[in-house]
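Participant: Starting from the structure of chain A, add chain B where the hints point.
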Amino acid sequence: MTRHKLLKDIGFYALVVVIVVFSVFPFYYAIVTSFTSGTALFQVNYWPETLDLSNYKAVLSSKNFLYSIANSLIIATATVAFSLLLGVTASYALARVRFRGRGLLLMTILAVSMFPQIAVLAGLFELVRFLGIFNTHWAMILSYTIFTLPFTVWVLTTFMRDLPVEIEEAAIVDGATPWVIITQVFLPLLWPAMVTTGLLAFIGAWNEFLFALTFTSTESMRTVPVAIGLLSGASAQEIPWGPIMAASVIVTVPLIILVLIFQRKIVAGLTAGGVKG
Amino acid sequence: MTDRIAGRASGPSLRQRRQRAAFWFLAPMLFALFCVAAWPLGRTIWFSLTNTTLSNLYGGEWIGFDNYLSMRTLSSGKVVWRGTLVDPAWWNAVWNTIRFSFVSVFFETCLGLIVALVLNAEFKGRAFVRAAILIPWAIPTIVSAKMWAWMLNDQFGILNDIGMSLGLLSQKVAWTASPDTAMTAVLLVDIWKTTPFMALLILAGLQMVPRDIYEAAKIDGINPVKVFFKVTLPLIKPALMVAVIFRMLDALRIFDLVYVLTPNSAATKTMSVISRENMIDFDKFAYGAAQSTLLFAIIAVFVSLYIWLGRVDLSGEGSK
Numbered sequence: 001m002t003r004h005k006l007l008k009d010i011g012f013y014a015l016v017v018v019i020v021v022f023s024v025f026p027f028y029y030a031i032v033t034s035f036t037s038g039t040a041l042f043q044v045n046y047w048p049e050t051l052d053l054s055n056y057k058a059v060l061s062s063k064n065f066l067y068s069i070a071n072s073l074i075i076a077t078a079t080v081a082f083s084l085l086l087g088v089t090a091s092y093a094l095a096r097v098r099f100r101g102r103g104l105l106l107m108t109i110l111a112v113s114m115f116p117q118i119a120v121l122a123g124l125f126e127l128v129r130f131l132g133i134f135n136t137h138w139a140m141i142l143s144y145t146i147f148t149l150p151f152t153v154w155v156l157t158t159f160m161r162d163l164p165v166e167i168e169e170a171a172i173v174d175g176a177t178p179w180v181i182i183t184q185v186f187l188p189l190l191w192p193a194m195v196t197t198g199l200l201a202f203i204g205a206w207n208e209f210l211f212a213l214t215f216t217s218t219e220s221m222r223t224v225p226v227a228i229g230l231l232s233g234a235s236a237q238e239i240p241w242g243p244i245m246a247a248s249v250i251v252t253v254p255l256i257i258l259v260l261i262f263q264r265k266i267v268a269g270l271t272a273g274g275v276k277g
Numbered sequence: 001m002t003d004r005i006a007g008r009a010s011g012p013s014l015r016q017r018r019q020r021a022a023f024w025f026l027a028p029m030l031f032a033l034f035c036v037a038a039w040p041l042g043r044t045i046w047f048s049l050t051n052t053t054l055s056n057l058y059g060g061e062w063i064g065f066d067n068y069l070s071m072r073t074l075s076s077g078k079v080v081w082r083g084t085l086v087d088p089a090w091w092n093a094v095w096n097t098i099r100f101s102f103v104s105v106f107f108e109t110c111l112g113l114i115v116a117l118v119l120n121a122e123f124k125g126r127a128f129v130r131a132a133i134l135i136p137w138a139i140p141t142i143v144s145a146k147m148w149a150w151m152l153n154d155q156f157g158i159l160n161d162i163g164m165s166l167g168l169l170s171q172k173v174a175w176t177a178s179p180d181t182a183m184t185a186v187l188l189v190d191i192w193k194t195t196p197f198m199a200l201l202i203l204a205g206l207q208m209v210p211r212d213i214y215e216a217a218k219i220d221g222i223n224p225v226k227v228f229f230k231v232t233l234p235l236i237k238p239a240l241m242v243a244v245i246f247r248m249l250d251a252l253r254i255f256d257l258v259y260v261l262t263p264n265s266a267a268t269k270t271m272s273v274i275s276r277e278n279m280i281d282f283d284k285f286a287y288g289a290a291q292s293t294l295l296f297a298i299i300a301v302f303v304s305l306y307i308w309l310g311r312v313d314l315s316g317e318g319s320k
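Chains as they are written, first to last, in this note's numbering: chain A, 1 to 277; chain B, 1 to 320.
FYI, nobody ran anything at the bench for these hints, they're computed from the structure. It cannot be assumed that every hint is accurate.
Unchecked claim - Here are the simulated DSBU-like pairs of lysine-lysine, each with C-alpha atoms no more than 35 Å apart in a straight line:
1) A:K5 - B:K172
2) A:K265 - B:K124
3) B:K230 - A:K5
4) A:K8 - B:K230
5) A:K8 - B:K237
6) B:K284 - A:K265
7) A:K265 - B:K172
8) A:K5 - B:K226
9) A:K57 - B:K226
10) B:K230 - B:K218
11) A:K8 - B:K226
12) B:K226 - B:K237
13) B:K124 - B:K226
14) B:K237 - A:K265
15) B:K124 - B:K230
16) B:K226 - A:K265
17) B:K237 - B:K218
18) B:K124 - B:K218
19) B:K284 - B:K78
20) A:K265 - A:K8
21) B:K124 - B:K237
22) A:K8 - B:K218
23) B:K124 - A:K8
24) B:K78 - A:K5
25) A:K5 - B:K124
What the hints assert, rightly or not - Covered stretches of chain A, going by a simulated chain B footprint (3 or more residues, C-beta under 8 Å):
26) 19-28
27) 163-170
28) 187-199
29) 246-254
Unchecked claim - Some chain A residues judged to face chain B by a derived CB distance under 10 Å, without partners named:
30) T2
31) L73
32) T77
33) T89
34) I203
35) V226
36) I228
What you are looking at is a predicted structure, and each value in this text was computed from that prediction instead of being measured. Built from N, CA and C at the ideal position, the CB exists for glycine as well.
Okay, chain B solo, but in the shape it has when bound:
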C-alpha cells in the first residue's frame, strides 16, 4: 500500500515517460530498417568473403579476401593476381560510373540552375512551365528509357531525322548501340529526367533569397550577372550542396536506365550493373557481392568526405 503511494510520488517523470514511449514508437521502424538494410548489408559483406553460389546459398566456404584480390605463385615462379581489384571489367565499370556521375550531375546542376532562375522570375504562364517540367520527373525511369530508345533508334528514330534535316548529322547514328555514343545517350536521358528535380530543389533555395536584395542591386546599377555570382549563388549554396549530394548518390548507384537503354554495352556498364550481372546472371554470387560491397564503400567514403569538407548540415538539427 505504502509502496504504491510512494511509487506514484516518485514514479517516472513526464520526461522519462515520454522518452520511454518514444523508444517504443521507434522500435518497430528500427526493427524494419534493421531487417531490410543492416542485416542484408552485413550478409552481403559476409558473402563477399566466401565462395557462395546462387544455386547453393548456404554452401559457401570462407575464402577471405580472395574475391577482392588474391595472389598465387605458380610452380613456374610466375605470380598470378586474381579478384575484382585486378579485373579490367570492374575498373571499366568504375570508370564508367564515375564519368557518368560527374558529367550528369554537372549538367543537371547547370541546367537546373537556369531552369530555377527562369521559374523564379515572374512571367505569364509560370505555373504552366512548372507543371511541364514535372512531367519528365513523373515518368518512370524504365518508361523514359524506352521512350528515348525509340527516339534514338538508328533506323526510325526521330532524333536522327531531326539531325539529318537540320544538317547536323551526315548519316544516321546508332546512338544506343555504338560504343562511342552509348554513354552520351545514357547521359542525355538522365539529364532530361533529373534536371527538373534539381531545378525544384534549387528553386526552393532561390525563393528563400529576399527580393529586396535584387531591388537594392538594381537601384545601385549592378550588373545582374555580377549580382548572381556575388549575391545569389553564395546565398543558395547550402541548398545547392544538398541537391548535388543527393543527385551524386543517385548517379553513383545508377542501374535501371543503363540496364534498359544500353543492355550489355561495355561502354556504359556501371558498378551496379556489373555487380548484379555477376551475382544473378553469371552465377558468381560471391564475386558480385564483393563488387557491390566495394560500391558501398566508395559511396560511404564519398559521402563522408563531402559532408566533412562541405560542412553540410543534412539533419537540419543545427539550425534549430
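Bound-form chain A, shown alone:
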C-alpha cells in the first residue's frame, strides 16, 4: 500500500515538474539568450555561461525602442483610465438598477468583447483617418476601447452585483442621489475590483498588435509589440536574435512581476470576466 502511494506521489510530482518546466523554460531561455551575443549565440547553451550586456546596451541605446516603451505606457494608461471612468458609472446602472432590457444589454456588451477585431478594422481605419488621428496615440486609445471597455463593464458589473443591498438602501433613505451613491458608497468598495480590471485592461492594451500595426506608420510611433515584431537586422537573413530577446525580457519582466504580485486578484478577475488578456 505504501509502496503504491509512493509511486503515485512520484508520478504526481513528476507531472508537476513537467508543468513547471514547460511553463517557465521558454522565458528562461529567452533570458539566457539575451545575455549572449556574437558567435556564442550560435551554440545552444542550456545554462547561462556569459553575462554579456551588449544586447541590452544595443536595445536601450536605440531611440525608437525607448519611444515605443513610452508610447505603450501612455496608450495603455490612457485606455485604462478612460475605460474605468466610463465603466464604473455604467456598471452601477447595470448591476444595481432594474430596467427593461438589462439582460439583453449585458449580452450585447459581452458580444462586443468577443468581436473579431478584424471585422471593425476597415471601419476604424476610416474613422481614424477621418478624425485625423492616424499615426498618433489617439488612434490606439480610441480603438483599444473596443476590448477594454466591455471587459471593464462586465467585470465591474459582476462584482457590484454581489455587494449587499443594505449599503445602498441606507444611502437612498438619506436621500443620496445615484451619483453620490456611486462616488461615496461604491467607489471605496470597488477599489479591489478596479485594480484587477485596470491591470487586466492594461495588459490587454500593452499586448495589442493588430490595431497598433495598422494605425501607425513611423518607427517612433510604434508600440512595444509592433517594435519587437518588426525588429529586423541589416538584411532579412540576419535576424538580430540577441537584441530581440533583450527587448522581450525588458518589456516582459515588469508584466510578470505585476502579475505575480496581483496573482490572486488577476485570477479572480479572469474567472469573472472570462476574457483572455
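Facilitator: Then chain B, alone, in the frame of chain A:
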C-alpha cells in the same frame, strides 16, 4: 405655486428617478461602444459592397455582392465566377483557421483540465506552481512568438538540439518555415500560451465542487477515474462550456501569433491575416472588408449555435 407643490407630490418616483439616472450613466459607455464597435462594423460591411481602395476611401462605388461572388458570361459563352467565395486562398485560410481553432482548443481543454486537477490537489508548492503557470499567460503574444521562433530556429534552435540529442529527430527541422510543420509550430505556441488561462477557468469551476463528494466516493471505494467522469466532469461542465467558447472565439480571430511566427506562410494563414493583407498590403480594401465581414458572420453563427445548443448562461442573470 400650486403646480410646484403638486409636482413634488406626484413627481417621478424613486424608481423612475433611478432609472433615469441609470440611463445617463449608461449613455457615455454606449456612445463609446457605438463609435468603436457598431459604427465601424457597419462601415466595414458597407465597404465590402463597394470597390473602395485604401488610397481613396471615399471614392468607392456600390458594386453589390461582387466582392463576395459575381458571375460573368464571356462572349465565348464561358461563365466566369469571381469573388472571395471562389477564391482558393480564402478557402485555404478558412480551413487553416478552423483546423487551428479546433485542434488548439481541444488540446488546451485537455491539458488545462489536467493542470487544473493538479492545482486542485493539496500538495507542497502549489502556490509556486500556480505562479509558474501564470508566466506564459503574462508574456505578450508577440514576445512569445519571437521567443518560440528562436527556440524553433532551424539552425540554432534549442528544440532541434534537444530533439537530436534525444534521438527524436534525425535531422534539423525548419519548424516555422516548412509548410508541413508551420501549423504545428503555431499550435504549439498557442497551446503553451493559453493553457494556463484554460486551467485557471477550469480550476475556478473545480473549486466549486464540494470536497465531501470526493470523501464520500473514497469511502464507497469508487475508482477515482470513475468519480472524475461521473461526478466531477458533469459538475464543472458549465464552467468548461464558458471557457471553451471564450477560447474558441479567440482562436477563430487569431492574427498576431500567425503574423509574427510564420509570416507569409500559406500553411498557416488565417482568415484575419488574409483579410488584413488584402485590406492594407494589397490595396484591395473592399475585398478585405468582404473577407472580414465573412469572418464576423462565421463567428456570429458559431456563437449563436453554441449558446443555443449548449444553453450556456453567459450573462449570469439566470442564476439570480
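Participant: For this structure, which hints from the list above don't hold up?
Facilitator: 1, 6, 7, 9, 24, 27, 28, 30, 31, 32
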